[in-house]
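K.L.:
Sequence:
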Amino acid sequence: LFAEAQTGYVTINNREDWPRDIEQVYLDGNNMMFVVNSLRRLCLNRAGAKTERALAEIASAWNEQMHIPNIEIIFDATRQLDQIGSVKVSSAQPTHRTTDDMLVEIARKPENREKNKRTVIITSDRALAVLLQREGCLLMKPYNWFAHCVMVLTPDLIRYEELTGMKTETSTPTTVKIRYDFDELVHRVANIDI
Numbered sequence: 117l118f119a120e121a122q123t124g125y126v127t128i129n130n131r132e133d134w135p136r137d138i139e140q141v142y143l144d145g146n147n148m149m150f151v152v153n154s155l156r157r158l159c160l161n162r163a164g165a166k167t168e169r170a171l172a173e174i175a176s177a178w179n180e181q182m183h184i185p186n187i188e189i190i191f192d193a194t195r196q197l198d199q200i201g202s203v204k205v206s207s208a209q210p211t212h213r214t215t216d217d218m219l220v221e222i223a224r225k226p227e228n229r230e231k232n233k234r235t236v237i238i239t240s241d242r243a244l245a246v247l248l249q250r251e252g253c254l255l256m257k258p259y260n261w262f263a264h265c266v267m268v269l270t271p272d273l274i275r276y277e278e279l280t281g282m283k284t285e286t287s288t289p290t291t292v293k294i295r296y297d298f299d300e301l302v303h304r305v306a307n308i309d310i
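If you count by my numbering, then the sequence shown holds residues 117 to 310, one letter each, in order.
Do not take every clue at face value.
Pair by pair, the computed Cβ-Cβ distance ranges are [what the hints assert, rightly or not]: (1) 156 / 198: 38 to 46 Å; (2) 276 / 233: 16 to 24 Å; (3) 300 / 227: 34 to 42 Å; (4) 279 / 231: 40 to 48 Å; (5) 209 / 160: 17 to 25 Å; (6) 209 / 268: 27 to 35 Å.
No wet-lab data here; the hints were simulated from the structure.
Glycine included, each C-beta is placed from N, C-alpha and C at the ideal position.
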């Protein structure tokens, strides 16, 4: 079951890898709070509202470049429901128990059946991913979305590290490891320092 989800995630290796003709992006907010160290620290320091706002500000800045018609970040329970730029901020509660329940209900609505193939959902929840894939949605892991944010907003924060194999008589091909400075992205875009 989880192998099914693994193969269905959209991978992003460069800026142009974002899928074409996307009309809707949903971000699983609670799921994304722990991907970036500075956001995780904020959250663990009981600054959940500040973390939620920072995520929405990053999504809004990203969408200023991407021009996707509908972007919504959903948290399990938030009182902060302001629209931030082009990003709608929603709370699953009180109408749904969790963001997962809300996303599955949205994807299963008959009027969304055709729209789902132009919908990307950012989540690392593999069980949720399997359900949403079956409804025709595209899935992306939060790490890949943050990497795309760096590619689009702050390409100077991409570092290429050469990793060479062990010394042998024959030459070893060099592998390049790409690192993204997510904390600096958060600092620059959401003005968060921690």
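K.L.:
Failing hints, ascending?
P.N.:
Result: hints 1, 2 break, sorted rising.
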